[in-house]
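Student: Sequence:
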Amino acid sequence: MKISKEKVRKQFSEWFDWVLSEAEIYDYGRYPLKGVGIWMPYGFKIREKVLAVIRKLLNETGHEEVLFPLLIPEDLLRKESEHIVGFEEEVYWVTKGGSKDLDVKLALRPTSETPITYMESLWIKSYKQLPKKYYQIVSIFRYETKATRAMLRVREVTSFKEAHTVHETFEDAAKQVREAIEIYKKFFDTLGIPYIVSKRPDWDKFAGAVYTYAFDTIMPDGKVLQIGTAHHLGQNFTKAFDFKIQKRDGTLDYPYQTSYGISERAIAALLAINGDDHGPILNPYIAPIQVVIIPIPAKDDETTKKIINYCNDLKAELDKNGISTYVDTDPERTPGEKFYIWELKGVPLRLEIGQRELNNNTVFIKRRDTLEGISVPRSAMVDEIKKLFEKIDKDLKENAWKEFNSRIRYMSDLQKAKELLNAEGGIIEVPWCGDNSCGLKIQEITDSRVLGEPDEKKEVNDKCPVCGRQAKTVLRIAKTY
RNA sequence: GGGGCCGUAGUCUAGCCUGGACUAGGAUGCGAGGCUUGGGCCCUCGUGGUCGCGGGUUCAAAUCCCGCCGGCCCCA
5 MKISKEKVRK QFSEWFDWVL SEAEIYDYGR YPLKGVGIWM PYGFKIREKV
55 LAVIRKLLNE TGHEEVLFPL LIPEDLLRKE SEHIVGFEEE VYWVTKGGSK
105 DLDVKLALRP TSETPITYME SLWIKSYKQL PKKYYQIVSI FRYETKATRA
155 MLRVREVTSF KEAHTVHETF EDAAKQVREA IEIYKKFFDT LGIPYIVSKR
205 PDWDKFAGAV YTYAFDTIMP DGKVLQIGTA HHLGQNFTKA FDFKIQKRDG
255 TLDYPYQTSY GISERAIAAL LAINGDDHGP ILNPYIAPIQ VVIIPIPAKD
305 DETTKKIINY CNDLKAELDK NGISTYVDTD PERTPGEKFY IWELKGVPLR
355 LEIGQRELNN NTVFIKRRDT LEGISVPRSA MVDEIKKLFE KIDKDLKENA
405 WKEFNSRIRY MSDLQKAKEL LNAEGGIIEV PWCGDNSCGL KIQEITDSRV
455 LGEPDEKKEV NDKCPVCGRQ AKTVLRIAKT Y
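Residue numbers (the working numbering): 5 to 485.
If you are wondering where the hints come from, they were derived from the structure by calculation, not from laboratory data.
A quick note: this is a predicted structure, and the numbers were derived from the prediction, not measured.
One thing to keep in mind: the hints can contain errors.
Said to hold, decoys possible - Label-pair ranges, simulated between beta-carbon atoms:
#  : residue 1 : residue 2 : range
1  : E402      : P335      : 36 to 46 Å
2  : K38       : Q250      : 40 to 50 Å
3  : K9        : S379      : 20 to 30 Å
4  : G472      : R182      : 28 to 38 Å
5  : K248      : S25       : 48 to 58 Å
6  : E64       : Q250      : 21 to 31 Å
7  : D206      : L106      : 35 to 45 Å
8  : K420      : E160      : 38 to 48 Å
9  : Q133      : G472      : 46 to 56 Å
10 : K248      : E86       : 13 to 23 Å
11 : V108      : E86       : 20 to 30 Å
12 : N313      : K11       : 30 to 40 Å
13 : R59       : Q250      : 27 to 37 Å
To be verified - Computed cross-link-like contacts, DSSO-like style, restricted to lysine-lysine with a CA-CA straight-line distance of at most 30 Å:
#  : residue 1 : residue 2
14 : K60       : K390
15 : K395      : K406
16 : K390      : K190
17 : K9        : K53
18 : K401      : K391
19 : K251      : K137
20 : K189      : K401
21 : K406      : K203
22 : K370      : K324
23 : K370      : K9
24 : K476      : K461
25 : K132      : K179
26 : K227      : K9
27 : K467      : K227
28 : K483      : K11
29 : K420      : K150
30 : K227      : K406
31 : K109      : K243
32 : K189      : K136
33 : K395      : K370
34 : K14       : K406
35 : K11       : K370
36 : K406      : K11
37 : K9        : K395
38 : K9        : K190
39 : K461      : K203
Think of the CB as a built atom: it goes at the ideal place given N, C-alpha and C, for glycine as much as any other residue.
With the hints as constraints, model all of the structure from the sequences given.
Tutor: So this is what it looks like as structure tokens:
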């Protein structure tokens, strides 16, 4: 059976919606409210696996999980002026309690810098308590005016992991942003999602931040998806909240903060990145079900029973070895039908067990990613599966990165860049003098979105295509979601 | 922000322009039975619709008009 990626590339939107609903991951568009979706049991399990990865990474780097209120009183949200200007038009307001108008309007949190800074100002009094690193995984609400899209652009972001940290100095906070970037690199590396880190331009940084770094990936259709951000908040929020600490020298000063976030967009990317026309391909170390066993019934009931027993024995052995396994004994569906269903759910390995395997005491293993099958003796099954997990993990990641890197190009001609973005998408790096006005102009000319500049400035021997001065670095542009 | 398209069983869709023969057709799904089972097989029977919601025009509305809700696309 041949692997095709026609559909996932050419009709990505349709493919993605199809996967979410048919694989019973996420029901979107049927609940009678725009921009919200429902995590179905299988999707919820994938979500839990992904969240477990980020929780582990944060916990082992000294982050503590907390849970703040969903509601933010209006005056709190308005404390930091740039922040509220940035979010003003996206806030949902609760204005009534029963039939009575509320004295103070309540916002459904669009993000939690303000409530967290408020409480930190009560909790933290001394440099000795720093650094402090909190995080929570919660729903946030943003009234998106643009077209909403299942999991990619929603009004209730259900899996927002937001981290908030406090530091004694600007440099400490800057270091924390670096740590956040390292943590996210590990996170996306674990999931096998390729990424590029860019420093967002000034006009597109987080509302209230000194600077913003962002992780972007490229979806199969060539459009770019922001999958993570990390902000240096300076003293913007601590000043707004009059949050002071006692320093080493006894003086009082405002501490420095950072915040960084990821959301279910990471899960959307996870599903999309390795997808083919049969559905997504889950990384073996993320998949809620790692191995599915499909019994192939025999002509006679007695043999069929033996085959099922054999399957259950295999499952027991795999479970014992920590491999999450499901035996699909549904008598109503033919094996062929089950193959399609479990491929659609992205289960990385499948065992096809029929009379042949029963007689020879073997198992037939098929890889989801390549659809290649091998027959191995039963005694070698566990080792073989573990080896295949490693191989699939490695292959998926290598392929994803190869594809990703092939879609990042350098061009000095803006017209050609525009044409290429329209035709194929991807990310294009263009020479840039570093001036915001030229950056905005580049955005306009190429009819694209500026992602920002590389973390480490790149040597470029070209001139800025707008002003003609020597370029200091490159600016990354793309078509974005 | 500007423009366009669309909403009919769980899902997809025909019908809408040109109102009446629509008691709304099909596919898929779901249920029962049979036949099968190593890639969505086939057959029989059954199930399932306030035609998104509200209002208007008309003797008559899925069909025309208005508002709302929801979905999609293009442009900025």
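Student: With reference to the structure, classify each hint as holding or not holding.
Tutor: These are the hints, each one checked on the structure:
no.: 1; hint: E402 <-> P335: 36 to 46 Å; in the structure: holds, 40 Å
no.: 2; hint: K38 <-> Q250: 40 to 50 Å; in the structure: holds, 49 Å
no.: 3; hint: K9 <-> S379: 20 to 30 Å; in the structure: holds, 28 Å
no.: 4; hint: G472 <-> R182: 28 to 38 Å; in the structure: holds, 34 Å
no.: 5; hint: K248 <-> S25: 48 to 58 Å; in the structure: holds, 52 Å
no.: 6; hint: E64 <-> Q250: 21 to 31 Å; in the structure: holds, 30 Å
no.: 7; hint: D206 <-> L106: 35 to 45 Å; in the structure: holds, 37 Å
no.: 8; hint: K420 <-> E160: 38 to 48 Å; in the structure: holds, 40 Å
no.: 9; hint: Q133 <-> G472: 46 to 56 Å; in the structure: holds, 52 Å
no.: 10; hint: K248 <-> E86: 13 to 23 Å; in the structure: holds, 20 Å
no.: 11; hint: V108 <-> E86: 20 to 30 Å; in the structure: holds, 22 Å
no.: 12; hint: N313 <-> K11: 30 to 40 Å; in the structure: holds, 39 Å
no.: 13; hint: R59 <-> Q250: 27 to 37 Å; in the structure: holds, 32 Å
no.: 14; hint: K60 <-> K390; in the structure: holds, 22 Å
no.: 15; hint: K395 <-> K406; in the structure: holds, 16 Å
no.: 16; hint: K390 <-> K190; in the structure: holds, 22 Å
no.: 17; hint: K9 <-> K53; in the structure: holds, 26 Å
no.: 18; hint: K401 <-> K391; in the structure: holds, 16 Å
no.: 19; hint: K251 <-> K137; in the structure: holds, 18 Å
no.: 20; hint: K189 <-> K401; in the structure: holds, 13 Å
no.: 21; hint: K406 <-> K203; in the structure: holds, 23 Å
no.: 22; hint: K370 <-> K324; in the structure: holds, 21 Å
no.: 23; hint: K370 <-> K9; in the structure: holds, 19 Å
no.: 24; hint: K476 <-> K461; in the structure: holds, 7 Å
no.: 25; hint: K132 <-> K179; in the structure: holds, 18 Å
no.: 26; hint: K227 <-> K9; in the structure: holds, 16 Å
no.: 27; hint: K467 <-> K227; in the structure: holds, 27 Å
no.: 28; hint: K483 <-> K11; in the structure: holds, 20 Å
no.: 29; hint: K420 <-> K150; in the structure: holds, 28 Å
no.: 30; hint: K227 <-> K406; in the structure: holds, 17 Å
no.: 31; hint: K109 <-> K243; in the structure: holds, 23 Å
no.: 32; hint: K189 <-> K136; in the structure: holds, 21 Å
no.: 33; hint: K395 <-> K370; in the structure: holds, 13 Å
no.: 34; hint: K14 <-> K406; in the structure: holds, 19 Å
no.: 35; hint: K11 <-> K370; in the structure: holds, 23 Å
no.: 36; hint: K406 <-> K11; in the structure: holds, 20 Å
no.: 37; hint: K9 <-> K395; in the structure: holds, 21 Å
no.: 38; hint: K9 <-> K190; in the structure: holds, 27 Å
no.: 39; hint: K461 <-> K203; in the structure: holds, 10 Å
In this structure, none of the earlier numbered hints is contradicted; all agree with it.
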